[in-house]
Structures are given as C-alpha cells and as structure tokens.
Amino acid sequence: GLNWRVMRGKWPAFARAFADFDIDRVARYGEREIDRLLGDASIIRNGKKITGTVANAAEMQAIAREHGSTTKWLRSFRDDGASLEKAVRKRFHHMGETTTRMFLTCVGAIEYQTWEPTERQRKGTVREGFVVMRPAAFR
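In short: position in the sequence shown from 1, add 210, done, that's the working numbering.
Treat the hints as calculated values from the structure; they're not laboratory data.
Mixed in with the good hints there might be a few duds.
To be verified - Distance condition first, Cα-Cα at most 25 angstroms in a straight line; then the derived BS3-like pairs of lysine-lysine:
1) K282 - K300
2) K296 - K258
3) K300 - K258
4) K296 - K259
5) K282 - K220
6) K282 - K296
7) K259 - K220
8) K258 - K220
To be verified - Restraint-style ranges between C-beta atoms, simulated for each label pair:
9) A251 - R215: 30 to 40 angstroms
10) T308 - A251: 22 to 32 angstroms
11) S286 - G249: 36 to 46 angstroms
12) F313 - E276: 23 to 33 angstroms
13) H277 - T315: 41 to 51 angstroms
What you are looking at is a predicted structure, and each value in this text was computed from that prediction instead of being measured.
Even glycine gets a Cβ: it sits at the ideal position worked out from N, Cα and C.
Take the sequences, apply the hints, and build the full model.
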C-alpha cells in the first residue's frame with residue numbers, strides 16, 4: 211500500500227495532474243496523458259495505479275449511466291456498509307480494504323466507529339453530490 215503521509219503531501223500535485231479529479235476528463239485520458247503522468251515527478255508514478263485511476267473514472271461514468279448518478283448507486287446499499295465495500299472493490303481497480311474505506315468515508319457513504327465523524331457528518335450536511343448514510347449509532 212501507499213504511505214498516506216506521502217499521499218497527503220503530494221495531493222495538490224495529484225489534483226493538477228488529474229484535471230482536478232474531473233471524472234469526464236480523466237476517463238478520456240489516453241496513451242499520451244498516461245505517458246505524461248508516468249514522467250511527472252511530482253506524483254507517485256506507478257503505472258498500474260495511474261491506468262487504474264483512468265479506468266476508475268470510466269467506471270464512475272458507467273455507474274452514473276446505470277443508476278442515474280453515483281450517489282444513487284451508493285445510496286442503493288442503504289446501511290449495508292459491508293456490501294458497499296465489496297461492490298466498490300469489485301467494480302474499481304486497485305482498491306484494497308483501506309483505500310476503499312477511505313474513499314467511502316471521504317464521500318460520506320460510511321463511517322467507522324474507530325474514526326471520529328466530522329461535525330458536518332454528524333449533522334448530515336456535506337457538499338452537494340455526496341451521500342451520507344449514517345450507522346444507527348450516529349442517527
């Protein structure tokens with residue numbers, strides 16, 4: 211796995227390199243853009259993770275087409291965090307247990323009792339487009 215401290219330090223470079231995480235733009239990345247990323251010393255240049263990120267952007271588009279939005283897909287799991295984690299790992303590339311949980315926590319889809327929920331998560335107010343599914347302990 212990746213060191214999260216290193217990732218946090220490189221995050222602004224990742225945002226620049228991946229078009230501020232614009233799913234539609236990243237999903238269209240081709241060989242030229244991937245070669246550019248492989249040569250970008252400001253990010254972690256792991257070819258499998260880079261191509262996985264491009265594939266994952268395309269998968270987000272597919273989920274949105276299938277379910278109307280990624281939020282609707284996330285909500286379709288209701289409070290079944292275990293099934294949601296399994297579905298994410300099945301559909302997306304290079305998503306281990308920790309990365310999956312970090313992703314789902316960041317989008318407000320799940321909370322883990324070992325991680326303190328933010329005030330916005332407790333109140334149920336997060337940025338538009340994100341979904342909050344709080345376990346019973348936080349309702």
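Structure-based check of each hint:
Distance hint between K282 and K300 is fulfilled; the C-alpha atoms sit about 18 angstroms from each other, no more than 25 angstroms. Between K296 and K258, the direct Cα distance comes to roughly 21 angstroms. Compliance with the 25 angstroms bound is thereby established for this hinted pair. Pair hint K300 plus K258 holds up; C-alpha atoms about 16 angstroms apart against a cutoff of 25 angstroms. This hinted pair checks out: K296 and K259 have alpha carbons roughly 19 angstroms apart, not beyond 25 angstroms.
Of the supplied pair hints, the one linking K282 and K220 is violated, its CA atoms being roughly 31 angstroms apart against a limit of 25 angstroms. In summary, the hint linking K282 to K296 is supported, as the alpha carbons are separated by about 17 angstroms, within the 25 angstroms threshold. With a C-alpha separation of about 15 angstroms, the suggested pairing of K259 with K220 holds against the 25 angstroms cut-off. Note on K258 and K220: the hinted pairing holds, with a Cα-Cα distance of about 18 angstroms set against a maximum of 25 angstroms.
At roughly 18 angstroms, the beta-carbon separation of A251 and R215 lies outside the given 30 to 40 angstroms, and the hint is violated. Range check, T308 to A251: Cβ separation about 25 angstroms, and the 22 to 32 angstroms hint holds. Here the CB-CB span from S286 to G249 is close to 40 angstroms, well matched to the stated 36 to 46 angstroms. At about 19 angstroms, the CB distance of F313 to E276 disagrees with the hint of 23 to 33 angstroms.
Range check, H277 to T315: about 21 angstroms between beta-carbon atoms, so the 41 to 51 angstroms window is missed.
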